[in-house]
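Using the sequences and the accompanying hints, generate a full structural model.
Which chain is which? The protein sequence lines are A and B, in order.
Per my numbering, residue 37 is the first one in the first sequence, and the count goes up by one each step.
Per my numbering, residue 30 is the first one in the second sequence, and the count goes up by one each step.
The set of hints was computed from the structure by calculation and includes no laboratory data.
All values derive from a computational prediction rather than experimental measurement.
The reader is advised that the hints may include incorrect statements.
[As the list claims (entries may be wrong)] The calculated label-pair distances, taken between Cβ atoms and stated as ranges, are:
#1 B:Lys-54 x A:Tyr-276: 35 to 43 angstroms
#2 A:Gly-157 x B:Lys-62: 45 to 53 angstroms
#3 A:Pro-158 x B:Lys-54: 39 to 47 angstroms
#4 A:His-363 x B:Ser-44: 31 to 39 angstroms
#5 A:Pro-229 x B:Gly-128: 26 to 34 angstroms
#6 B:Asp-155 x A:Leu-81: 51 to 59 angstroms
#7 B:Leu-327 x A:Pro-229: 55 to 63 angstroms
#8 B:Ala-188 x A:Gly-63: 58 to 66 angstroms
#9 A:Tyr-276 x B:Asp-155: 54 to 62 angstroms
#10 A:Pro-284 x B:Asp-155: 27 to 35 angstroms
#11 B:Ala-188 x A:Ala-398: 21 to 29 angstroms
[As the list claims (entries may be wrong)] SDA-like mimics (lysine to any residue), calculated; alpha carbons at most 20 angstroms apart, straight line:
#12 B:Lys-179 x A:Pro-233
#13 A:Lys-123 x A:Lys-148
#14 A:Lys-103 x A:Ala-66
#15 B:Lys-53 x A:Arg-125
#16 B:Lys-177 x A:His-352
#17 B:Lys-179 x B:Gly-216
#18 B:Lys-177 x A:His-363
#19 B:Lys-200 x A:Ala-398
#20 B:Lys-304 x A:Thr-393
#21 B:Lys-200 x A:Thr-399
#22 B:Lys-193 x A:Leu-391
#23 A:Lys-123 x B:Glu-50
#24 B:Lys-179 x A:Pro-229
#25 B:Lys-179 x A:Phe-232
#26 B:Lys-193 x B:Glu-265
#27 B:Lys-193 x B:Phe-269
#28 B:Lys-177 x A:Leu-362
#29 A:Lys-148 x A:Ala-205
#30 B:Lys-62 x B:Gly-216
#31 B:Lys-53 x B:Thr-71
#32 B:Lys-62 x A:Glu-228
#33 A:Lys-377 x B:Asp-111
#34 B:Lys-304 x B:Glu-265
#35 A:Lys-123 x B:Cys-126
#36 B:Lys-193 x B:Arg-178
In this text, a Cβ means the ideal position worked out from N, Cα and C, and glycines have one as well.
Single-letter residue listing:
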Amino acid sequence: MAYVAIKGGRAAMAGAAQAAEFLRAGGAEAEAPLQLETIEQQLRLLVSRVVSEGGLYHPRLAALAIKQFQGDTLEAGFALRAYRSTKPRLLETPPQDSSRMRCIRRISAAFKDIPGGQMLGPTYDYALRLMRLELADESPDAFKAIARRFLTDTPETQLPATFPKVLDALRAEGLLPPVPETHAAPFDITREPLVFPVSRSAALATLARAETGSLLGIAYSSMRGYGDVHPTVAELRVGYLPVLLPHPVTGEPMEVGEVLMTECEVVAMYGGDDSNAPPTFTLGYGACFGHNETKAISMAILDRALQKGMRDGPAHPAEDSEFVLLHVDGVDSMGFCAHYKMPHYVTFQSDLDRLRTTRRKATESTA
Amino acid sequence: MMPHYELPRDEAGYSFGFLDEYAKKEVRRAILKAVSIPGYQTPYASREMPMGRGFGTGGLQLTLALIGHNDTLKVIDQGSDDSVNAVNLRQFVQLTCPGVALTERTEDATLIQSRHRIPEQPLRADQLLVLQVPYPDPLVVVEPSEAKRKIMHGEADYARLLVKLYEDIVKFDEITISHRYPTRINGHYVIDPSPIPRWDVPRLHRSPALILLGAGREKKIYAVPPYTDAVPLAFEDQPFRVEDFRDAAGSRRACARCGATDSFLDEFIDSAGGKVYQCSDSAYCNGRLARQAKAEALA
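Below, the structure written as structure tokens:
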């Protein structure tokens, strides 16, 4: 007999951790460990994704999490979030003006010529997705020469410090609704649970740290037809935003650092306002830490879809706040998915009892 | 230019109980509200913990907010102290709450965190039970929208849930809910008592120990306060029934280890392909074995 239930958990877990660590070290043919700096620089889009989904702007810790969890973005973002739980909230960040962003990229799909001009910056949008086989074996010298050459060929004076916002031009023409004069305190999703219906502030905060793939999936449903419109990207900008916080003594805003951010504004047509005011575009807003263009665009589309859902009632899943906001968080969804691997002996025993009883009754009644 | 950051060097940088004090205070406030309104799902912010959402982070936040240096903690999963998840949670508390005593004996614990079981040994008024909850709302099976469910709870409108039970009886001549059995607390709110088997539901009723339920992912805390009514939903002619451990001949199966005929049993297939039954609550089983050994030694 001697079958002992779920014994030896402790030893098994220690062994599992060692096996994972063995693979992290590259297995039997171990090479040099990844340096955090290398991850931050050469896997910068991975770091971007992790700081964004982790909801904590700390590229160095994000690089560490990527290294520790062997490149798993869900796990790495999760580790950043857990680290965040140990930190108190010191103050409320005042609204930051994104026109002060030091852009590395800034485009508009709405106008050919925008004030300040289109600036393509670093993007693969127009690159052919052909394998560059020469990268498989790059020489360190040639590798180092790439950045040097780029910096020599690009005069610093070429770039303006900031760019005006495309939306300001649309707004000046009266094509966008005026910015509402509400200065309600922002909703902090790290300190308050979502109780529906939620404010737009809460929705935006939830979307900003959502899992990229989940956001894209639901936004795509809205783009494809489970939603109403084709949005136009009025502006997409990527760059370093100076963060201003009130000085602890004087209260004067002062710069405490900068964060790499992606910001996207989409505009879309809509008709049928009950008021007699002239029709305007509607606006969707997306912004997140790091360089994550797909995420920022998806977020902007969902922001607009959710606003429509709140006004007219949701006609599609992407317009339903509860559906969207409760299912896009990577830490929540990944954690719950993984928990199904845990033992469920008791509940399964209970299931067996119900199934056997109902089966017996079914046989008895037909007999 | 690379900005340079300070990385946390080791666990010594974490405060007692991992969470910052503001977070603990918030959890305690939610607990007070939950105890004041028996069965009401109190929303709280729910911090990310360093283990998966779904692995007991709601229960863990309750434990960390409540535990003090003079506490003795027991952690079980599926009734067992040595289940991987119980080991994991216990090690985490040990790491972040230095000085807290640990035990596997139910009677020695002041604080018990559990997943899927309530210990067989009746709890006392000076003990506290924390249950981990995956789905806090029993209405989720009949209504997907949380906003609507909130209204239904407020109005104590459980008609659709009762209809579901009724339909079960019509279709199967039996209520088919196996675990997470909807239970009415103090005559108003119906709770999901967490995935405990039906066997454990009667233990909620007028329990001397405070029972707290925490759902981390769904961000809810609720309570069955001491000596409070907890009544499973049923009908006059279709009473609530716990799991049936009788064999084909109608006699109660016994635990193959300790011989108990009054405990929830886990079912195993032995190497010969036969079925073997054993106590799910390992502390209860071990306690009985120890007493039997002592009695034999005396005899």
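Consistency of the hints with the structure:
Roughly 36 angstroms separates the CB atoms of Lys-54 of chain B and Tyr-276 of chain A, a value that falls within the hinted 35 to 43 angstroms. Between Gly-157 of chain A and Lys-62 of chain B the C-beta distance comes to about 50 angstroms, which sits within the given range of 45 to 53 angstroms. For the pair Pro-158 of chain A and Lys-54 of chain B, the supplied restraint of 39 to 47 angstroms holds, since their beta-carbon distance comes to about 45 angstroms. For the pair His-363 of chain A and Ser-44 of chain B, the supplied restraint of 31 to 39 angstroms holds, since their beta-carbon distance comes to about 33 angstroms.
Between Pro-229 of chain A and Gly-128 of chain B the beta carbon distance is about 32 angstroms. The supplied range of 26 to 34 angstroms therefore holds. Distance hint check: the CB atoms of Asp-155 of chain B and Leu-81 of chain A are about 55 angstroms apart, consistent with the given range 51 to 59 angstroms. A hinted range of 55 to 63 angstroms for the beta carbons of Leu-327 of chain B and Pro-229 of chain A is consistent with their spacing of about 56 angstroms. Hint check: Ala-188 of chain B to Gly-63 of chain A, Cβ distance near 60 angstroms, so the stated range 58 to 66 angstroms holds.
For the hinted restraint 54 to 62 angstroms between Tyr-276 of chain A and Asp-155 of chain B, the CB-CB distance of approximately 57 angstroms keeps it satisfied. Distance hint check for Pro-284 of chain A and Asp-155 of chain B: the Cβ-Cβ separation is about 46 angstroms, which falls outside the suggested range of 27 to 35 angstroms. Against the hinted window of 21 to 29 angstroms, the Cβ-Cβ separation of Ala-188 of chain B and Ala-398 of chain A comes to about 28 angstroms, which satisfies the hint. With a C-alpha separation of about 11 angstroms, the suggested pairing of Lys-179 of chain B with Pro-233 of chain A holds against the 20 angstroms cut-off.
For the given pair, Lys-123 of chain A sits about 46 angstroms from Lys-148 of chain A by alpha-carbon distance, which is inconsistent with the 20 angstroms threshold. With a C-alpha separation of about 15 angstroms, the suggested pairing of Lys-103 of chain A with Ala-66 of chain A holds against the 20 angstroms cut-off. The suggested pairing of Lys-53 of chain B with Arg-125 of chain A holds, with an alpha-carbon distance near 13 angstroms, which does not exceed 20 angstroms. Distance check on the hinted pair: Lys-177 of chain B and His-352 of chain A sit about 18 angstroms apart at the alpha-carbon level, within 20 angstroms; holds.
For the proposed pair Lys-179 of chain B and Gly-216 of chain B, the alpha carbon gap of about 17 angstroms is at most 20 angstroms, so the pair holds. Restraint check for Lys-177 of chain B and His-363 of chain A: satisfied, since their Cα atoms lie roughly 18 angstroms apart, inside the 20 angstroms limit. As the CA atoms of Lys-200 of chain B and Ala-398 of chain A are separated by approximately 10 angstroms, the hinted pair is consistent with the 20 angstroms bound. Restraint check for Lys-304 of chain B and Thr-393 of chain A: the C-alpha separation of about 17 angstroms stays at or below 20 angstroms, so the hint holds.
Taking the CA atoms of Lys-200 of chain B and Thr-399 of chain A, the gap is about 13 angstroms. The hint holds against a cut of 20 angstroms. At roughly 17 angstroms between alpha-carbon atoms, Lys-193 of chain B and Leu-391 of chain A fall within 20 angstroms of each other, so this suggested pair holds. Between Lys-123 of chain A and Glu-50 of chain B, the direct Cα distance comes to roughly 9 angstroms. Compliance with the 20 angstroms bound is thereby established for this hinted pair. At most 20 angstroms may separate the alpha-carbon atoms for a hinted pair to count; Lys-179 of chain B and Pro-229 of chain A meet this at roughly 14 angstroms.
Straight-line distance between C-alpha atoms of Lys-179 of chain B and Phe-232 of chain A comes to about 9 angstroms, which keeps the hinted pair within the 20 angstroms bound. Taking the CA atoms of Lys-193 of chain B and Glu-265 of chain B, the gap is about 16 angstroms. The hint holds against a cut of 20 angstroms. Note on Lys-193 of chain B and Phe-269 of chain B: the hinted pairing holds, with a Cα-Cα distance of about 15 angstroms set against a maximum of 20 angstroms. Restraint check: the Cα-Cα separation between Lys-177 of chain B and Leu-362 of chain A comes to about 15 angstroms, which is no more than 20 angstroms; the hinted pair holds.
Taken as a hint, the Lys-148 of chain A and Ala-205 of chain A pair is honoured in the structure, with Cα atoms around 14 angstroms apart against an allowance of 20 angstroms. With a CA separation close to 17 angstroms, the supplied pair Lys-62 of chain B and Gly-216 of chain B stays within the 20 angstroms bound. Taken as a hint, the Lys-53 of chain B and Thr-71 of chain B pair is honoured in the structure, with Cα atoms around 15 angstroms apart against an allowance of 20 angstroms. Restraint check: the Cα-Cα separation between Lys-62 of chain B and Glu-228 of chain A comes to about 15 angstroms, which is no more than 20 angstroms; the hinted pair holds.
This hinted pair checks out: Lys-377 of chain A and Asp-111 of chain B have alpha carbons roughly 16 angstroms apart, not beyond 20 angstroms. Restraint check for Lys-304 of chain B and Glu-265 of chain B: the C-alpha separation of about 35 angstroms exceeds 20 angstroms, so the hint is violated. This hinted pair checks out: Lys-123 of chain A and Cys-126 of chain B have alpha carbons roughly 17 angstroms apart, not beyond 20 angstroms. Pair hint Lys-193 of chain B plus Arg-178 of chain B holds up; C-alpha atoms about 16 angstroms apart against a cutoff of 20 angstroms.
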